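**Student:** Working from the sequences, and respecting the hints, build out all of it.
Residue numbers (this note's numbering), protein chains in the order written: chain A, 167 to 506; chain B, 16 to 166.
Be aware that one or more of the hints could be misleading.
[Stated by the list, open to error] Pairwise CB distance ranges (calculated):
1) A:Asn337 with B:Pro68: 19 to 29 Å
2) B:Ile115 with A:Met338: 43 to 53 Å
3) A:Glu363 with B:Lys130: 17 to 27 Å
4) A:Met306 with B:Pro163: 30 to 40 Å
5) A:Pro340 with B:Thr104: 35 to 45 Å
[Claimed, not checked] Under 10 Å between C-beta atoms, here's a sample of chain B residues computed to sit facing chain A:
6) Ser38
7) Pro40
8) Thr72
9) His81
10) Asp83
11) Trp111
12) Ile113
13) Pro116
14) Lys118
15) Ser126
16) Gly162
Keep in mind that the hints were calculated from the coordinates and are not lab data. For clarity, every value in this text was computed on a predicted model and none was experimentally measured. Backbone N, C-alpha and C fix where the C-beta goes; we use that ideal spot for every residue, glycine too.
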Amino acid sequence: MKKISRRDLFKVSASFGVGAVSAFALSPFLGLVEISEAKSSKRSKISPFNFAVIGDAHLYEMPNHRFDETLKRAIDDVIRMRPKPDFVLFIGDLANFGKKVELEKGKRMLDRLKDNGIPYFIIPGEHDWYLDLGQTWKEMFGKPYWSFDHKGVHFIGMNSILVEDYWTARNMSPWERMLAIAELECHICGLWGVGEEQLEWLEKDVKNLPPDTPIVIFTHSPLWDYYPRWNFQTKDAPEIRKILSKFEKVIAIHGHVHQVVYNKTGNMVHIGNLATAWPWPYPPVELPYPEIKMLRVDPGDIYDGVGWANTYIDETFLGLFEYKTWAELIPPELKKGVPL
Amino acid sequence: MRVVKFFVMGSLILSVSANFSLSKPPFTEEDLKLMHEELINLVKKGDELFHSPKLGTNGLTCANCHPDAAFTNPDTFPKFQPNVGEVATLRDMINWCIKIPLKGKMLAHDSEEMKALEAYIYYMYRGRTLKPGDNTAPVPPVKVDSGPGYP
Ligand SMILES: [Fe+2]
Ligand SMILES: [Fe+2]
Numbered sequence: 167m168k169k170i171s172r173r174d175l176f177k178v179s180a181s182f183g184v185g186a187v188s189a190f191a192l193s194p195f196l197g198l199v200e201i202s203e204a205k206s207s208k209r210s211k212i213s214p215f216n217f218a219v220i221g222d223a224h225l226y227e228m229p230n231h232r233f234d235e236t237l238k239r240a241i242d243d244v245i246r247m248r249p250k251p252d253f254v255l256f257i258g259d260l261a262n263f264g265k266k267v268e269l270e271k272g273k274r275m276l277d278r279l280k281d282n283g284i285p286y287f288i289i290p291g292e293h294d295w296y297l298d299l300g301q302t303w304k305e306m307f308g309k310p311y312w313s314f315d316h317k318g319v320h321f322i323g324m325n326s327i328l329v330e331d332y333w334t335a336r337n338m339s340p341w342e343r344m345l346a347i348a349e350l351e352c353h354i355c356g357l358w359g360v361g362e363e364q365l366e367w368l369e370k371d372v373k374n375l376p377p378d379t380p381i382v383i384f385t386h387s388p389l390w391d392y393y394p395r396w397n398f399q400t401k402d403a404p405e406i407r408k409i410l411s412k413f414e415k416v417i418a419i420h421g422h423v424h425q426v427v428y429n430k431t432g433n434m435v436h437i438g439n440l441a442t443a444w445p446w447p448y449p450p451v452e453l454p455y456p457e458i459k460m461l462r463v464d465p466g467d468i469y470d471g472v473g474w475a476n477t478y479i480d481e482t483f484l485g486l487f488e489y490k491t492w493a494e495l496i497p498p499e500l501k502k503g504v505p506l
Numbered sequence: 016m017r018v019v020k021f022f023v024m025g026s027l028i029l030s031v032s033a034n035f036s037l038s039k040p041p042f043t044e045e046d047l048k049l050m051h052e053e054l055i056n057l058v059k060k061g062d063e064l065f066h067s068p069k070l071g072t073n074g075l076t077c078a079n080c081h082p083d084a085a086f087t088n089p090d091t092f093p094k095f096q097p098n099v100g101e102v103a104t105l106r107d108m109i110n111w112c113i114k115i116p117l118k119g120k121m122l123a124h125d126s127e128e129m130k131a132l133e134a135y136i137y138y139m140y141r142g143r144t145l146k147p148g149d150n151t152a153p154v155p156p157v158k159v160d161s162g163p164g165y166p
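**Tutor:** Written as C-alpha cells, this is what we have:
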C-alpha cells in the first residue's frame with residue numbers, strides 16, 4: 167500500500183478548503199481537540215493514512231431499489247477517491263431482512279471495492295443476523311469479530327448485536343424473529359451486546375499491547391448508553407471500555423444510529439456513521455455534544471440524510487472523521503471533519 | 016364503537032331530563048374506560064399499519080424513518096409543507112409519505128386506515144403542546160421505556 171506522508175495528508179485536506187491542522191485550530195471544538203492531543207501518543211509510529219466507513223445499507227431483495235442506488239453511489243465515491251483509502255470498513259446492516267439474496271447482492275456491490283484495489287472489512291448488524299442467526303453472513307464474510315494492525319494502529323471489529331433468545335419461548339419462526347428485530351423499537355428483543363466469548367477474546371487480543379498503542383474499534387452499535395429503547399447502546403460496553411481503559415486513546419466508530427452523533431467517555435472518543443439507506447431521527451434524549459448534529463433532511467430526496475465517511479489518522483493519532491454527503495446535511499463548521 | 020355511542024347517548028338523555036342547568040353529567044368511570052379502549056384499539060391498528068409494508072410497494076414502512084412515530088410532529092400541523100407546496104394537514108403529510116418514499120397508493124382522507132394512522136401518531140405525541148405552523152425545531156414523541164408506547 168502507498169504510504170501517505172504528512173505533506174500528502176495536508177494536500178488532501180487542503181483540497182476540501184482548509185488544511186487539516188488549521189481546521190483543528192479554527193475548530194469550535196478546540197477544547198476537545200486539545201484533550202485528544204494531550205492523550206495521543208508521542209512514541210507511536212503511525213504513518214498517516216485514511217480509510218473509509220460505509221454502512222447501514224439495508225438492501226432489499228427487489229431489483230433497482232433506492233437503497234441499491236445510494237450504496238452504489240457511496241461505493242463509486244470511494245473508488246474515485248485520490249489517494250485511495252487504505253481500506254473500507256462496512257459497519258453492519260448490509261441486508262434488511264438477513265436474506266441470502268440481500269447479502270449476496272451486498273457482497274457483489276462491496277466486492278467492486280476489491281476489484282478496484284481497495285480491501286474491505288466487515289462486521290454484522292442486527293438486520294444481517296436474525297433470519298438464520300448469522301449463518302449466511304458467516305459463510306460469506308467469515309468471523310464476525312477480528313483485529314489487525316495497520317501502519318501503527320491496532321484495529322478491532324466486534325459483533326455487538328447479540329441478544330438473548332426472545333423467540334423460542336414465543337414459538338416464533340425465523341422470519342418472525344427477523345421481522346421483530348427489524349423494527350428499531352422492537353419491544354420484545356431486549357438489549358444487545360457482544361457477550362462473554364468476545365469479551366474474553368478482546369482481553370486476550372489487547373493483553374500484550376503497550377498503553378501507547380493507538381486503538382480504533384468498530385462496532386455496529388455505540389459503546390455508550392445513548393437511547394437503549396432503540397438499542398442505541400451495547401449492553402457490555404462498560405466491560406469493553408474497562409478492557410480498553412489502559413490505552414492512552416481509543417477511537418470508537420459505530421453505525422446503527424443512521425445519524426451524526428459524537429461522544430467522549432474516559433479515554434475514548436465515539437462517532438456515529440451515517441447510513442446509506444435512510445436517516446434515523448434524534449431520540450428524545452439530550453445529545454452529549456449537541457453542536458455535533460446533522461441538519462434537517464428533505465424526505466423527498468433519496469440522497470439526503472445519508473452518506474458515508476472518510477477518516478484520516480495522523481502520526482499523533484489525531485483522527486478527522488469527514489462525513490461525506492450528497493445534500494446539505496452537515497453544518498458548515500463540521501464540513502472539514504469532526505476531530506477524533 | 017356502538018357500545019360507547021349507546022352509553023354517551025344514554026347519559027345525554029338522562030341529563031337533559033334530570034337537570035336543566037347542568038345539561039350533561041360528567042362521564043362515568045365506565046364511560047371513560049370504554050371510550051379509551053375504543054381509542055386504543057384504533058391506535059393499535061394504526062401501529063400495525065405504521066409498521067406494515069402493505070401501504071407501499073418498495074418494502075418500506077412508515078416506521079423505517081419514524082421509530083416510535085418520531086419526527087412525525089403531529090403537534091405542528093397544519094403547516095406550510097415545502098415538499099407539498101401548500102399548507103398541509105397531518106393527513107396530507109401521511110399521504111405524501113405513502114406516495115413518495117413508500118411508492119404506494121394514497122389513502123382516502125376519511126378511510127379507516129387514515130384514521131388509524133392518525134390515531135397512532137397523535138397518541139405517541141400525547142401531552143405535547145400544539146404549535147400549528149411550526150417549522151422550526153421538532154419536538155420528539157413521548158419517551159418510551161418499554162412496550163409499544165401505549166397502554
Ligand atoms: Fe441500520
Ligand atoms: Fe442496526
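**Student:** Take the hints in turn and mark each one as holding or not.
**Tutor:** So, going through the hints one by one against the coordinates:
Checking the proposed 19 to 29 Å range against asparagine 337 (chain A) and proline 68 (chain B) shows it holds: the Cβ atoms sit about 23 Å from each other. Evaluation of the 43 to 53 Å hint for isoleucine 115 (chain B) and methionine 338 (chain A) yields a failure: the beta carbon distance comes to about 33 Å. Distance hint check: the CB atoms of glutamate 363 (chain A) and lysine 130 (chain B) are about 49 Å apart, inconsistent with the given range 17 to 27 Å. Evaluation of the 30 to 40 Å hint for methionine 306 (chain A) and proline 163 (chain B) yields a pass: the beta carbon distance comes to about 34 Å.
Distance hint for proline 340 (chain A) and threonine 104 (chain B): a CB-CB separation of about 41 Å, consistent with the stated range 35 to 45 Å. Taking 10 Å as the C-beta contact cut-off toward chain A, the hint placing serine 38 (chain B) at the interface is violated, the least distance being around 41 Å. Because the beta carbon of proline 40 (chain B) sits about 39 Å from the nearest beta carbon in chain A, more than 10 Å, this interface hint is broken. A distance limit of 10 Å between C-beta atoms decides the matter here; for threonine 72 (chain B) the minimum to chain A is near 9 Å, and the interface restraint holds.
With 10 Å as the threshold, the beta carbon of histidine 81 (chain B) comes within range of chain A, its nearest partner Cβ sitting at about 7 Å, so the hint holds. The closest approach between the C-beta of aspartate 83 (chain B) and any C-beta of chain A is roughly 5 Å, which is under the 10 Å cut-off, so the hint is satisfied. Checking tryptophan 111 (chain B) against chain A by beta carbon gives a least distance of about 8 Å; that is within 10 Å, so the hint holds. The interface hint given for isoleucine 113 (chain B) is broken, as the beta carbon of that residue sits about 12 Å from the closest beta carbon of chain A, more than 10 Å.
With its C-beta approaching chain A no nearer than about 6 Å, proline 116 (chain B) sits inside the 10 Å limit, and its interface hint holds. The interface hint given for lysine 118 (chain B) holds, since its Cβ lies 9 Å from the closest Cβ of chain A, which is under the 10 Å cut-off. Look at serine 126 (chain B): its Cβ only gets to about 22 Å from chain A, farther than 10 Å, so that hint breaks. Because the closest C-beta pair between glycine 162 (chain B) and chain A is about 5 Å apart, less than 10 Å, the hint holds.
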